[in-house]
Amino acid sequence: MSTVVEAPTASSGPQSPRSGAVLAPISWKAPIAYAVVAVIALIGFVVVAPKGLETTFTVSTSSDFFQIAPITVPSTATALLLCLVALVLAGVSFWATRSRRKVGVWLPSVYGVALVLAFLTWSAAGKDSALPLTGLLQGSLFLAVPLVFGALAGLLCERSGIINIAIEGQLLAGAFLAAVVASITHSAYAGLVAAPIAGALVGLLLVLFSIRYMVDQIIVGVVLNVLVIGVTSYLFSTVLKVDAATFNSPPKLPVIGIPVLSQIPIIGPVLFRQTVLVYVMYVVVAVLQVMVFRSRWGLRLRAVGEHPKAADTVGIKVNLTRMKSTVLGGAVAGLGGAFFTVAAGLAFGKEMAGGKGYIALAAMILGRWSPAGALAAALLFGFSDNLRVVLGIVGTPIPSQIMLMTPYVVTIFAVAGVVGRVRAPASEGIPYVK
Amino acid sequence: MSQPIAPERTQPAAGRTRGQQALHEMLASNWLATVLAVVLALVLSGVLIAAADKAVQETATYLFARPGDFFGAVWTSVSSAYVALFQGSIVDTSASTLTRMIRPITETMTVSIPLIFAGLGLGIGFRAGLFNIGAQGQIILGAVFAGYVGFTFDLPPVVHVVLAVVAAAIGGGLWAGIAGVLKARTGANEVIVTIMLNNIAVYLVAFLLTTTAFQRGDSNNPISPPLNSNSLFPLLLGSGFRLHAGFLLALATAVGVWWLMNRSTIGFQFRAVGSNPNAARVAGISVNAAYVWVMVVAGALAGLGGAAQVLGTEKVLTAGVAASFGFDAITVALLGRSKPLGTVLAGLLFGALRAGGFAMQARTGTPIDIVLVVQSLIVLFIAAPPLVRALFRLPAAGTEPPVLAVSPSVKEVGL
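Same order as they appear, the protein sequences are chains A and B.
Letter by letter, the first sequence follows residues 1 to 434 of the working numbering.
Letter by letter, the second sequence follows residues 1001 to 1415 of the working numbering.
Pair ranges (Cβ atoms, derived): (1) T1211(B) / K324(A): 49 to 57 Å; (2) N1262(B) / H307(A): 32 to 40 Å; (3) P1226(B) / T72(A): 48 to 56 Å; (4) G1072(B) / V290(A): 53 to 61 Å.
Pairs of lysine to aspartate or glutamate, EDC-like flavour, derived with a Cα cap of 20 Å: (5) K1054(B) / D1069(B); (6) K317(A) / E428(A); (7) K1054(B) / D243(A); (8) K241(A) / E1058(B).
Calculated from the structure, these hints are not laboratory results.
Note that the structure is a prediction, hence the values are computed from the model and not measured.
No residue lacks a Cβ here, since even glycine has one placed at the ideal position from N, Cα and C.
All chains, full assembly: derive it from the sequences and hints.
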């Protein structure tokens, strides 16, 4: 653990090295981690991999402007090249750490893409079926939808100082109500409108117990998850299963291709050939990114989460702010819950959120409590989720259980500070009493 | 508005009689609030049971013409469900033989074993200020270790079972220790880490059951070989019942946990860290070491729960060996207020709900999911004593702050 030692003459800044400024010890953790992983990848994907095989990627879909032929590359050489790129980046990281430069987010991004491509090249080597790159990305975005909404919900609550462990329950409640309303009205869009209401109700319960009865917020969250699982499963068994035609056959949200944009190769099908829920997601992420960090509302929200007493002193109603933002967060998560039923075109099933709420929580932390970061982290989880599906079809040398573990292991590393220190809002989980 | 609502406290006035004083003390006790919370949860769940009942729905259509029919149907549906729940968990009054009559209570005790073990472990964590959600993963790892020792080795009777139990404790302790070490060294939030470890454990056991070391040779199913009979817990009531010695071990462990937390130096340090980490640090207690050891002890206890499952109840290792005991144990520890005795009683109650739930589902068709509703409502009401007290117009609790409510660092609750 490195301790940051402030320069004794902080005001003079780093421009005056003669003032005896004590610099923070250099942390070599990141570059060493980059180098070690790259070397392991080099050994696994190149040195011990079978030689003389080829890998085929497809990138076009049939309705693009122009077709790109499937790309076939020699597996070992490509993997070698990509691993070398990763090693060079690790070197850059060493250099940057030594000279105390900050590297942007591009380094880990390019590093990650290179290693993932190396992994894909290795795992699809010598397979008859080509690896559909576009489909992989398209599915990743789709699977990331509940995670993004869930992470945004968590962020809204935690920025205001309420820990939201109940994301799972909010997703599930949203999925349930969306399915029921969509089935009764025969309209997927009606389901989409109903889903946030269910989530907001769970959020309301959360904030009620947290603020009014000052129950530990983690406890309320955990218990609300159980309660929602219980209630929805019970209603599923007694009502939905009995008359599935009336109550549990939600129509599927249609996939809407945005004209022109959707025909750009690769980007088009991935970003602009999705359901309306995904487009709503773009809007919500963008709006929240601006609102949380650039608006008066966002400033107040963050003030309440960081230092409620100070916020109260300047006349911000702390508990009212918390209540509003938690209910709003619940609604956002509920909307994400619609993914499971109306967006995926599935009937409601018991516990169908399947722990996605907890992953969303992890995505929020990995994204450092910012909407854009949450989007990126959720996309990462969605990608690893979909990778398993796609590689399952192509055939992968790695057991599927190990693949499934990956996002959780990544999260632990992230939370443990390998990726960088994360800091929660200072006052989260602490009830505010005047 | 941020104040918890508390009915005006009635101070014991000077002129009050001894009887009134006793009544006041009883009304202000936490036990009464607990009982009322259970009753309230059962009533609310009863509404759900009635609402889903066919006869109730039919009579509701002519509610104003003949309200008697409606209320009769409500009573029938709810009471029959709860009677089945009781018969399935305590004493089957409709059974013909004594064996069948008392089997439900032994089932309740059997089911409660992992809940008690894991609940004890979680309780230690709560009292030390650590919110460990990872009992599920720790149970799984305990079961994996115990199972591996159970079906791989061939050892003499007593030695084998003891070794398997120790292995389970080590497995659970190591798994939880990861979260403890990360918390101590990097400040990683134990809630997130234990949730992630739960998921990893689920896939880990699924993966292990595909390997030759764990998987039964003669089929492709993900199931381990049956355990060596020497490694199993002895049955307490003969072969007619599933109740095994794990129950006695759980009770003994509860006593041990009581001693650890209330009479030992380590337990004092745990509680001190839970009450106020900064004060504990100033007093010379290593807070980081305490975090690690709390998690290790909690994990070892949850691991014993896994041992009880694989060495006593299931007798084989499967991917579903932990069921949802790890999550239920959270509610058990909360209901038991993190105290050993309370945890044992809460474990028995939730064990009864679970065991009885199956009987209820079989006899009256009420889905067992209602048990989850009852459990979560109980814990919600327990966690918010002011709510229950306001609903029943009880006086505020005597001296204690609302249990489970956080003032910044206080999760410790006086005995």
